[in-house]
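K.L.:
Respectively, the protein sequence lines represent chains A and B.
Following full-length UniProt numbering, the numbering of the first sequence begins with 1 at its first residue and continues without gaps.
Following full-length UniProt numbering, the numbering of the second sequence begins with 1 at its first residue and continues without gaps.
Rather than coming from a laboratory, the hints here were simulated on the basis of the structure.
Yeah, the Cβ is synthetic: ideal placement off N, Cα and C, and Gly gets one too.
Some clues are possibly wrong.
Among chain B residues calculated to face chain A with C-beta under 8 angstroms, some are [claimed, not checked]: (1) A34; (2) G35; (3) A47.
2 protein chains.
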Amino acid sequence: MSPAAPPSPSRPRALYGLLACVRLTAFEERAADAGRTASYEDKVVLAGLATGAFAQFERLRDRLIEAGVDPYEAMRPYQDAITAFHGRTRPADAMEALVKVYVADSILADLYREAVERTDPETRSVVHESLADSGHAEILTERLRAAAETDARLASRLGLWARRLVGEALSQAHAITERGPEVGALFGDEDVATMFGRIVDRHQARMRAVDLRD
Amino acid sequence: MSPAAPPSPSRPRALYGLLACVRLTAFEERAADAGRTASYEDKVVLAGLATGAFAQFERLRDRLIEAGVDPYEAMRPYQDAITAFHGRTRPADAMEALVKVYVADSILADLYREAVERTDPETRSVVHESLADSGHAEILTERLRAAAETDARLASRLGLWARRLVGEALSQAHAITERGPEVGALFGDEDVATMFGRIVDRHQARMRAVDLRD
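Can you make the complete structure from the sequences, with help from the hints?
P.N.:
This is how it looks when you write it as structure tokens:
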């Protein structure tokens with residue numbers, strides 16, 4: 001472990017800006033998924049996940065403002081990559097939208113946690129806080145497990161969908177670390193493949209937890 | 001059957017169901033408006049208003065569940081009228097979306113407050129709580145006043161838009177009181193025209209507050 005680098009002002013700016021952009025876009029995508037959903041039950045789960053993402057966005061935006069940074073300027077460099085990710089992973093229905101939150105959000109959260117492991121405690125705590133569940137995610141595991149148990153065909157379709165999401169989430173992560181050197185630098189010298197390996201392991205454990213085959 | 005049952009168990013069911021439906025649909029509409037908005041600033045104001053509406057929905061849904069009522073059954077009778085209202089009042093841009101929240105939400109809030117004036121204190125307090133601002137509406141008056149001051153043409157367009165919204169909000173209210181006798185009964189014997197007159201007066205005061213001509 002190298003001695004902790006003095007807090008670099010550009011790092012929080014880049015990382016908070018990226019995360020704020022991820023969260024605000026997640027709000028929009030989930031809210032749109034909720035809007036397309038006919039069943040009140042699924043609509044409300046997705047809307048709750050959307051408002052949870054917005055609350056996380058608000059915390060990050062407030063930190064950026066406190067740091068004297070224009071939050072929208074900090075977000076802008078990442079918007080295209082994140083929009084493109086959502087464009088490639090548009091759910092066909094409410095169950096696919098729920099799997100997307102479960103799979104992709106967890107992978108991205110794992111990545112951000114890895115990214116801040118070597119930063120100063122304050123950055124770490126802001127990022128951990130911004131990834132904290134707003135209480136709207138509880139129901140997710142439950143609904144996915146119930147769906148997988150009662151409908152083998154659906155479980156198999158969702159399993160394939162999850163596999164696609166993993167690929168897309170990892171390439172999004174790769175693109176962002178390549179394009180944003182400030183963010184890429186956070187991962188330090190560690191072999192990216194090793195880190196991705198750990199993240200895939202955790203993903204597979206989560207898939208088993210809801211009885212979806214990977 | 002408890003002897004301590006509230007005066008009329010069907011009233012909260014109807015009123016909370018109506019309000020829950022209004023709030024969940026407001027979430028969807030504002031989130032969709034946010035999604036269509038290119039500017040981060042306006043997007044975030046609309047998204048905040050959307051999450052505020054969702055929090056109000058959640059409170060009403062929880063009250064319905066506590067009362068042993070299926071919230072979605074209680075909401076269903078009002079969905080078509082509310083969806084039709086939004087279909088007739090789709091904002092062309094972010095400013096129109098903000099005016100819509102300012103005008104129509106305030107009118108509907110006034111109506112619900114009138115509706116519960118003669119009910120039991122508990123119903124009254126649940127409804128007042130469900131209409132309380134989540135803190136996301138503060139910025140609204142400010143933005144509208146700023147827009148009206150700097151752009152007379154825009155102010156005039158928004159004034160016309162507001163006038164249309166008043167008409168639509170009042171006909172929505174009329175349709176709902178006619179179709180849902182449980183809700184209509186809440187207004188008692190008072191002449192509806194007198195009540196609508198009071199509501200229009202309050203609306204006009206709000207328009208003056210943001211320098212928009214009615």
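K.L.:
Going through the numbered hints above, which ones does this structure break? Give me the numbers in ascending order.
P.N.:
Failing hints: none at all.
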